[in-house]
Amino acid sequence: MSPYSENDYVEMRKDFLKTDPPKELLALNMLFAVTYFFVLAFFFPIGNRLLFSLLIAGEVFHIWQVLTFLYTVWETSYSAPRDAEHHPPADVFITVAGEPTEMVRKTVVAARAMDYPNFNIHILNDGYVADKSNWREIEALASSLGVHCITRTVPGGAKAGNINNALRLTSNPLVAIFDADHVPHSDFLAKTASYFVDPKVGFVQTPQFYKNYAENYLTKSSWEQQELFFGPICKGKNRLNSATMCGTNMLISREALFSVGGMCTESIAEDFITGLLMHAKGYRSIYLGEVLAEGLATEDLLSYSKQQFRWARGALDVIFRYNPLFMRGLSWAQRIQYLSSASFYLSGLFVVIDALLPIVFFYTGMVPVLINGMLLAAIFLPYFFFTLYVIQRSSNFTFTFSSLGFSMGGFNIHLRALYSAATFQRSAFSITDKNWVQGNFLPLVRWHIAYVGVVAIGIIVALTREGFSASLINNTAWALLNIVVFLPFIRAALPTRVAQGELRSASAPISQKNPYDSIRKN
Amino acid sequence: MTRSERIKTFSLLACVTCIPVALSYFFFMGQSLRLDESQSLWQVSRQVLEIFTIVAGDVHVPLYHLLLHFWILYLGNTVPLARILSLLFYLASIPALYMVGKLAYGRTVGLFTAFLFSISPFMNWYGNEIRMYTLFTFFVILNQYFFIRIFKDTVPSEQVWVGYIATAVAGIFSHYFFFLSLAAQATFYFLRQDLFPKGSLKRFAFAVVVVVGAVAPWGWYVFHLGQAGFEEPALVAPTSVNLFSAFSQFLFGFQNDNINTFVLSLWPIAVIFGLFTLRRSYRMMPETAYFLTTIIVSFAIAFFGSFIIAPVFVSRYLIFTVPSLYLLLASLFSNYEPRFASVARYSLAVLMLVTLGIEIASPTTPVKENYEGAAEYLNAHTTAQDAIILSAPFTVYPVQYYYRGPSSISTLPVWNQYAYGPIPAFSEGTLGSQILQTTSGDQNVYLLLSYDQGYEGSIKNYFDTHYQRIYQETFSPDLNLYVYRLRYDTAVSEAATAR
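These protein sequence lines are chains A and B, in that order.
The first sequence begins at 334 in our numbering and counts up one residue at a time.
The second sequence begins at 95 in our numbering and counts up one residue at a time.
Hints in this document: simulated from the structure, not taken from any laboratory.
Hints may be right or wrong, so weigh each one.
[As the list claims (entries may be wrong)] 27 Å max Cα-Cα, derived BS3-like pairs, lysine-lysine: (1) A:LYS356 x B:LYS292; (2) A:LYS533 x A:LYS465; (3) A:LYS351 x B:LYS246; (4) A:LYS524 x A:LYS544; (5) A:LYS544 x A:LYS465; (6) B:LYS296 x B:LYS246.
Taking the hints into account, I'd like the entire structure generated from these sequences.
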């Protein structure tokens with residue numbers, strides 16, 4: 334039974350959007366961050382140069398993340414002009430590639446019930462090209478509900494190709510796109526279309542809300558991870574004309590889409606890149622901070638990992654293939670925003686660096702800086718706690734430990750995506766399973782578990798070398814901190830978590846399957 | 095609260111309050127008099143007007159000394175009895191702290207905070223010290239209670255305001271650092287004016303006028319005397335280690351360097367505690383913000399003030415932040431998931447109890463000052479032909495309290511404690527002549543060194559290079575006795591050598 338009442342859900346749809354961080358706090362946080370960095374970088378005697386360089390590289394990244402976050406959320410109340418009576422005709426695309434028919438039905442029924450004068454609904458059925466068994470059922474569903482079904486017979490471009498195919502067969506000036514599990518509210522079109530009174534508006538994005546938030550620990554954690562992004566970050570990006578296109582729950586100008594050659598098929602994050610290209614063409618973007626559609630979070634760690642990998646891989650393409658620094662037509666604010674969003678997925682690299690520093694000490698005795706630990710504590714703790722508080726204030730106190738744990742615990746996914754992006758491997762788009770897939774997910778956290786083992790042995794090695802030294806105790810505490818941060822991710826992989834939930838529609842066990850097996854060489 | 099809950103709460107509080115009584119009776123009350131305590135006893139043994147002069151010179155405010163003066167006058171002048179006065183304020187602070195905790199966060203947090211307070215190694219130490227620190231803490235707790243009522247009550251009554259002003263006035267006469275508590279309240283008020291009722295600014299202004307009016311004559315008196323702090327140990331500017339050691343002491347009491355290093359090195363664990371607070375809809379309550387402000391503002395002023403004005407960063411001066419720290423921890427744990435909350439509560443309580451045990455039992459506890467043991471040795475061994483030399487000079491107070499032997503006691507640098515004015519500065523050039531002056535004709539010198547003021551090494555070195563050391567003993571950390579033979583021509587000195 335869900336621990337949340339209906340009222341809780343109503344509040345949950347709004348809480349993360351009530352963002353109003355005081356500017357004084359943000360300014361003070363900047364001061365703390367910069368002070369911490371400069372003291373660490375320039376005033377501490379250096380120990381091992383390589384370790385120091387790695388430490389500073391990590392801190393440069395963290396400072397970049399903190400400063401760009403503060404810049405983004407500096408003002409989150411901007412609202413673009415709109416005209417509530419502006420109702421241009423729209424095509425509604427519901428992208429389907431093998432999702433359960435009942436799931437699609439709910440979405441189509443809700444789409445049909447949208448309160449808008451002029452729109453057509455199209456199910457973009459990729460079941461045939463994706464070799465899914467229910468593609469005929471989807472066609473029958475469309476027929477029974479009186480909506481169009483566009484079934485592709487020629488593959489290519491994954492979801493983006495599916496949408497581009499439909500664009501060729503439709504003509505309304507606005508195009509709404511929903512994933513098969515994202516059920517729109519009746520006022521979705523009316524509210525989003527009103528912004529297109531400005532002809533330079535390229536797309537309007539709304540939040541992704543996971544209505545299965547309370548299903549299990551993973552859905553809860555992944556929603557909490559999303560809240561920070563769809564709350565203060567997206568609202569801040571709205572002010573900077575840098576809204577992120579998220580692939581679903583959005584309304585796009587057909588003209589803008591055509592101007593960039595349709596949805597980008599070159600990257601598995603087709604939405605993110607398409608939004609970037611639209612901005613480069615001078616189109617405006619709007620983020621409407623109101624839940625107007627409700628979807629499903631992935632319910633198991635395997636599906637979650639695949640989804641995260643896809644997002645990470647696509648976002649990192651922005652750095653390696655579509656770097657906004659060198660792209661014409663973007664403002665500096667937009668460049669910073671895109672780099673900031675994309676660089677989030679580099680965090681895995683720096684999580685690993687930070688996690689390795691105590692281990693290097695355990696096995697070699699080498700440290701990056703030669704200071705007494707209390708001096709570091711004196712500059713680190715105020716900065717750290719203040720930053721946590723600012724994130725909490727910015728997100729209307731929706732940011733949680735498990736969301737942090739998931740962001741950091743996903744380092745192995747991020748690293749894999751980084752390797753894939755840096756070596757220009759081509760990744761195929763794969764649909765994220767929204768139902769619980771049965772299996773043993775512990776292999777997905779083998780690095781995390783291995784870390785615990787390496788730390789335990791390392792402590793013994795260091796203890797043998799130097800006894801209970803202050804450095805050993807301090808590094809043990811750091812290692813313990815890393816382990817604690819990994820715990821939410823490990824917890825999500827535990828077999829008991831699977832057993833506690835209701836196992837549904839698991840078509841085939843994928844227990845030992847590599848979640849990144851869709852990568853193939855160019 | 096129902097009647098049964100009230101009875102249960104009262105019973106629990108009574109049990110919690112008994113803990114310090116038992117600890118005091120079995121462990122703390124019988125300890126040797128320490129330097130600060132001996133100064134207190136010496137100061138309050140004077141006439142009232144003289145006490146004012148001495149306390150002003152000692153950079154303190156006189157309320158505690160006056161209370162102790164009359165306490166001793168009517169109840170007797172013994173160390174345990176004098177310590178009981180401090181213990182009483184400590185015991186009174188426990189239910190008072192429960193009231194603050196209950197007001198701010200509810201009964202459970204109030205009770206747990208009171209429990210932490212009662213097993214606190216730091217508080218138990220000062221709850222048995224003949225100094226003003228528990229009185230100071232008591233008034234801070236009461237003052238905080240009324241302050242919270244002011245912003246929590248919809249319309250605070252006149253009694254609340256009167257209570258606030260009265261405790262502020264009493265508090266300011268218990269310790270100068272009470273001003274830091276008021277500064278924290280002012281900071282909180284200006285940050286969160288929205289919490290306070292209409293017209294509160296005028297009332298706070300009135301409170302300031304009353305407090306300043308009450309303390310002004312004392313300020314004028316101190317200023318008029320012109321000199322202050324000449325009997326205090328020299329303090330140095332604090333470091334980051336001192337900063338975190340203060341927190342460590344507040345939680346785990348006074349520990350030797352090894353334990354202290356162990357505890358301080360674990361500081362990244364604090365990050366874990368912080369991360370666990372990241373829970374959905376867990377917002378910082380105004381009371382939490384207030385307690386946090388109390389700690390941050392007080393520590394910041396004491397720490398940075400030590401560089402800007404004069405070194406004043408001493409953990410015992412900041413004792414008034416201990417209740418705020420415990421309240422914060424208790425409220426923090428209450429916001430964890432229930433399982434984590436229990437683990438955190440038990441872990442902290444167990445750690446505090448263990449460190450309390452170590453503080454009591456360990457001979458290496460750094461604040462232990464066994465002047466009684468040293469004096470007993472001197473009583474047993476010194477003769478009229480021996481000299482006793484103490485350094486630092488102000489350590490004369492505890493030795494004088496216990497020493498009943500025939501030898502003369504002098505200090506290095508040479509100082510007359512009865513003469514008003516600062517202790518003379520140490521001079522290496524005149525050291526030899528000062529020693530000759532104080533040991534003229536004596537056979538042995540008993541050199542008792544403690545509270546190193548920067549010249550202890552020079553003194554010891556002088557004796558080591560000019561006289562034969564015939565005995566040495568350490569009575570407590572940094573309290574060392576050295577016996578030197580000055581002459582070889584008497585039976586007494588031969589007997590001393592034979593020892």
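Now for the hints, and whether the structure bears them out:
| no. | hint | verdict |
| --- | --- | --- |
| 1 | A:LYS356 x B:LYS292 | 26 Å, holds |
| 2 | A:LYS533 x A:LYS465 | 39 Å, violated |
| 3 | A:LYS351 x B:LYS246 | 25 Å, holds |
| 4 | A:LYS524 x A:LYS544 | 21 Å, holds |
| 5 | A:LYS544 x A:LYS465 | 25 Å, holds |
| 6 | B:LYS296 x B:LYS246 | 18 Å, holds |
This entry does not satisfy hint 2, going by the numbered hints stated previously; all others are met.
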